[in-house]
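Given only the sequences and the hints, what does the whole structure look like? Please build it.
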Amino acid sequence: MDFSFNDEQQMLLDSTRRFIAERYDFEHRNHVRATADGWSRDVWKQFGELGLLAINIPEADGGIGAGSVGTMLVSNAMGEGLLLEPFLSSAVLATHAIVQLGSAQQRGDWLPALATGESIAVLAHDEASTRFDVMHIETQAVRSGDGWRITGRKSLVYHAPAANLLLVSARVDKEIGLFAVPTDAAGVTLLPRTTVDEQRAADIVLDNVAAAASARLGEDVREALQVVLDQGLAALCAEAFGAMDRILAATIEYSRSRVQFGVPIGSFQALQHRMAEMLMHLEQARSMSYLATLRCTDTDPVARRTALSAAKVLMGQAARYIGQQAVQLHGGMGMTDELEVSHYFKRLLAFELRCGTTDEHLAVYHQQIR
Amino acid sequence: MDLDFSTVELAFRDEVRQFLAAELPADIRDRIVRGDHSHVREDTIRWQKILHAKGWGAPAWPVEFGGTGWSKTQQYIFETECALADAPAQLAFGIKMVAPVLMRYGSTEQQNRFLPRIRAADDWWCQGYSEPGSGSDLASLKMKAERDGDEYVLNGQKAWNTLGHFADWIFCLVRTDSSAKPQKGISFLLIDMKTSGITVRPTKLLDGSFEVNEIWFDNVRVPVTNRVGDENEGWTYAKFLLGHERTNIAGIGWSKRELRRLKSDSAKVSKDGRSLLEDPVFGGRIAQVEIELTALEITNMRVIFDEAAKKAPGPEASMLKIRGTEIMQRISELQMELLGASALAYAHDSDDSRATASYLNLRKLTIFGGSNEIQRNIIAHMILKL
Chain X
1 MDFSFNDEQQ MLLDSTRRFI AERYDFEHRN HVRATADGWS RDVWKQFGEL
51 GLLAINIPEA DGGIGAGSVG TMLVSNAMGE GLLLEPFLSS AVLATHAIVQ
101 LGSAQQRGDW LPALATGESI AVLAHDEAST RFDVMHIETQ AVRSGDGWRI
151 TGRKSLVYHA PAANLLLVSA RVDKEIGLFA VPTDAAGVTL LPRTTVDEQR
201 AADIVLDNVA AAASARLGED VREALQVVLD QGLAALCAEA FGAMDRILAA
251 TIEYSRSRVQ FGVPIGSFQA LQHRMAEMLM HLEQARSMSY LATLRCTDTD
301 PVARRTALSA AKVLMGQAAR YIGQQAVQLH GGMGMTDELE VSHYFKRLLA
351 FELRCGTTDE HLAVYHQQIR
Chain P
1 MDLDFSTVEL AFRDEVRQFL AAELPADIRD RIVRGDHSHV REDTIRWQKI
51 LHAKGWGAPA WPVEFGGTGW SKTQQYIFET ECALADAPAQ LAFGIKMVAP
101 VLMRYGSTEQ QNRFLPRIRA ADDWWCQGYS EPGSGSDLAS LKMKAERDGD
151 EYVLNGQKAW NTLGHFADWI FCLVRTDSSA KPQKGISFLL IDMKTSGITV
201 RPTKLLDGSF EVNEIWFDNV RVPVTNRVGD ENEGWTYAKF LLGHERTNIA
251 GIGWSKRELR RLKSDSAKVS KDGRSLLEDP VFGGRIAQVE IELTALEITN
301 MRVIFDEAAK KAPGPEASML KIRGTEIMQR ISELQMELLG ASALAYAHDS
351 DDSRATASYL NLRKLTIFGG SNEIQRNIIA HMILKL
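Chain order of the listed sequences is X and P. Sequential numbering of the first sequence, starting at 1, is according to this note's numbering. Sequential numbering of the second sequence, starting at 1, is according to this note's numbering.
Honestly, the hints are just simulated from the structure, not real lab data. Be aware that one or more of the hints could be misleading.
[Claimed, not checked] Chain X side only, calculated, beta carbon under 8 Å to chain P, not exhaustive:
(1) Met1
(2) Asp2
(3) Met280
(4) Gln284
(5) Ala310
(6) Leu362
(7) His366
(8) Ile369
[Stated by the list, open to error] Partner residues aside, some chain P positions facing chain X, computed with beta carbon under 10 Å:
(9) Leu3
(10) Ala267
(11) Ile298
(12) Arg302
(13) Ile304
No residue lacks a Cβ here, since even glycine has one placed at the ideal position from N, Cα and C.
Printed below as a string of structure tokens:
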């Protein structure tokens with residue numbers, strides 16, 4: 001039992017936080033979200049220089065190999081700063097997919113450019129049909145000569161408009177295959193969307209898209225893809241924890257400075273107890289973020305899935321309570337676009353809805369209960 | 001980072017399990033399983049003597065006082081395993097409450113006189129803190145102790161005294177100076193329950209049980225040598241006591257045991273061709289509380305880890321108390337709801353009424369030991385600095 005971080009992990013957290021404090025304050029974020037892209041390529045390159053985009057690439061592949069704890073800490077900082085860049089999409093999910101499923105050739109082709117930030121990849125998996133069964137997809141890949149033809153539609157793929165490489169899951173007979181498709185390939189159409197938390201995403205229409213034999217990663221990836229998605233979920237939980245931590249800090253600070261009836265509103269017991277409750281949700285959420293992080297690499301799929309579902313349930317409930325109460329305690333100011341609080345609130349709302357809702361994960365957890 | 005116990009800690013856990021399997025008397029265990037409180041006094045003493053013989057009578061005491069010298073993690077493992085094995089809880093008033101105060105503030109004579117007898121279950125201790133007019137606002141207590149030569153003369157009333165009807169000794173907070181600020185005029189006294197002028201009157205509780213008492217003091221004479229520490233400094237010692245020994249405040253072992261029982265009981269009740277455990281509504285509620293308990297178990301470990309690393313012990317215990325008691329109450333609610341209308345037929349001492357009796361009795365959890373509202377005040381002031 002050890003809840004400390006080693007020196008490398010602590011340095012990773014500190015340096016990411018320092019970068020965000022210096023280069024990505026709330027004002028800068030407002031600037032970034034108003035640009036056409038909705039994220040900053042400049043910041044992304046600097047992430048590459050800091051090594052943050054290589055933390056999920058093993059040392060053998062030229063990366064840093066910071067493990068799930070390192071990813072958790074960087075994700076904490078990303079959530080604290082409400083960053084809009086594709087860290088989770090590219091440097092966690094897509095990178096894990098390539099590391100775990102790619103051949104030596106594929107890893108060598110793609111990972112170096114992902115590590116520097118020159119290239120951005122996203123995992124295009126979710127569809128309308130994956131809501132209640134994450135492995136139920138309808139996109140199909142059929143053999144065509146030496147290669148493949150892929151047809152289907154992917155839903156709300158975060159950061160797809162930023163990506164030059166799509167990792168598309170598709171049914172191959174009864175298996176699930178994963179195919180690397182350039183975003184500008186013929187037959188790929190992106191329908192851009194902006195999410196409620198102001199990140200950029202797209203529905204992706206694939207119409208008879210050609211993929212070479214060498215574009216397929218692994219064989220039947222059903223189990224491996226679940227591992228990748230679970231690692232992504234753990235990172236998403238860590239990001240949400242960072243947002244919860246900051247929105248509570250902002251609320252406490254506001255309650256100290258906002259004066260009504262001649263005293264700071266933080267002196268009222270009704271509000272103090274609400275904030276004490278928020279803190280308990282936060283600490284329970286922190287514990288579950290640790291659980292998600294330390295179990296997302298568990299080789300026992302039931303133990304892994306159970307832990308992650310438990311984490312998503314508790315953290316989803318914490319996100320809702322903390323987010324709603326933070327807006328409530330800010331009063332009218334909590335309703336404005338001007339303050340940070342509404343942006344944290346929407347990030348937490350997105351967390352609740354992404355990667356399976358609270359009830360969906362409660363059902364998954366319940367199925368294994370004995 | 002690592003969520004799992006080390007191999008050394010796991011070996012310790014196995015040692016505790018083997019000891020419990022071999023040494024916990026079957027009749028005692030059976031009464032705990034059935035929720036039968038009829039032998040609380042005998043069972044608590046018998047079990048304490050067995051632990052004492054093993055050298056485990058005082059898990060949290062330092063070795064120089066005859067304790068185990070265990071780490072916080074070992075203490076946590078021990079208490080959790082005892083609960084999971086349906087062992088009786090050790091009596092907290094002596095081992096966990098007055099003993100640490102004696103070790104820190106008592107005279108050598110007091111330590112030599114009382115500590116060995118606490119460890120060996122020769123004396124049963126109880127607590128005299130609350131009064132009818134002083135509950136959450138404990139410092140307002142009024143029970144008077146007036147100096148008369150080498151003795152104090154006590155007059156007043158204590159309330160919500162737990163299991164004092166079995167007690168040999170009581171530790172009390174008394175007012176020795178009424179002119180000072182409320183916190184300043186309090187002293188900490190050790191009182192022999194056989195002293196003349198003490199009357200114990202049971203308070204019948206909503207579940208039909210008699211576990212708490214009012215205690216009346218009518219010109220009770222207590223030697224000044226039975227005062228712990230300095231006169232009028234008792235509030236300092238009381239605060240020390242409240243902040244001490246909270247490794248088990250979340251009741252993780254109890255909750256795991258009762259959740260296990262809830263799951264196995266609900267697996268035996270069928271509805272629409274499947275068990276209530278598998279039922280999405282009832283089973284979903286069990287899943288929810290199990291998830292919350294998992295989170296609390298990790299939070300509890302974090303607090304223990306931080307304490308061992310000498311990082312900020314203290315107010316985090318309030319969090320463990322609030323969430324721990326909420327979870328215990330939730331489990332007892334579900335145990336009762338599982339029975340449906342058959343939970344209505346009620347006789348306090350009947351095995352069939354265990355779930356209802358437990359539900360009724362455990363309403364106390366969020367009230368005693370500093371009500372959960374007081375704990376929220378502590379969090380707001382000490383952690384959030386509001």
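Going down the list of hints, with the structure as the test:
1. The restraint placing methionine 1 (chain X) at the interface with chain P holds, with a minimum CB-CB distance near 6 Å, inside the 8 Å limit.
2. Look at aspartate 2 (chain X): its Cβ gets to within about 4 Å of chain P, closer than 8 Å, so that hint holds up.
3. Because the closest C-beta pair between methionine 280 (chain X) and chain P is about 5 Å apart, less than 8 Å, the hint holds.
4. Here the hint on glutamine 284 (chain X) is kept, as its CB sits about 4 Å from the closest CB of chain P, short of 8 Å.
5. Residue-level restraint check for alanine 310 (chain X) holds (minimum Cβ-Cβ distance to chain P is 5 Å; threshold 8 Å).
6. Of the supplied interface hints, the one on leucine 362 (chain X) holds, with its beta-carbon coming within about 6 Å of a beta-carbon of chain P, less than 8 Å.
7. Evaluation of the histidine 366 (chain X) hint against chain P yields a held restraint, the C-beta minimum of about 4 Å falling below 8 Å.
8. A least Cβ separation of about 5 Å between isoleucine 369 (chain X) and chain P falls short of the 8 Å threshold, and the interface hint therefore holds.
9. Hint status for leucine 3 (chain P) relative to chain X: holds, with the closest Cβ pair at about 5 Å, below 10 Å.
10. A distance limit of 10 Å between C-beta atoms decides the matter here; for alanine 267 (chain P) the minimum to chain X is near 8 Å, and the interface restraint holds.
11. Here the hint on isoleucine 298 (chain P) is kept, as its CB sits about 4 Å from the closest CB of chain X, short of 10 Å.
12. Evaluation of the arginine 302 (chain P) hint against chain X yields a held restraint, the C-beta minimum of about 5 Å falling below 10 Å.
13. For isoleucine 304 (chain P), the interface hint holds, since its Cβ comes within 10 Å of a Cβ in chain X; the closest pair sits about 8 Å apart.
This entry satisfies every hint, going by the numbered hints stated previously.
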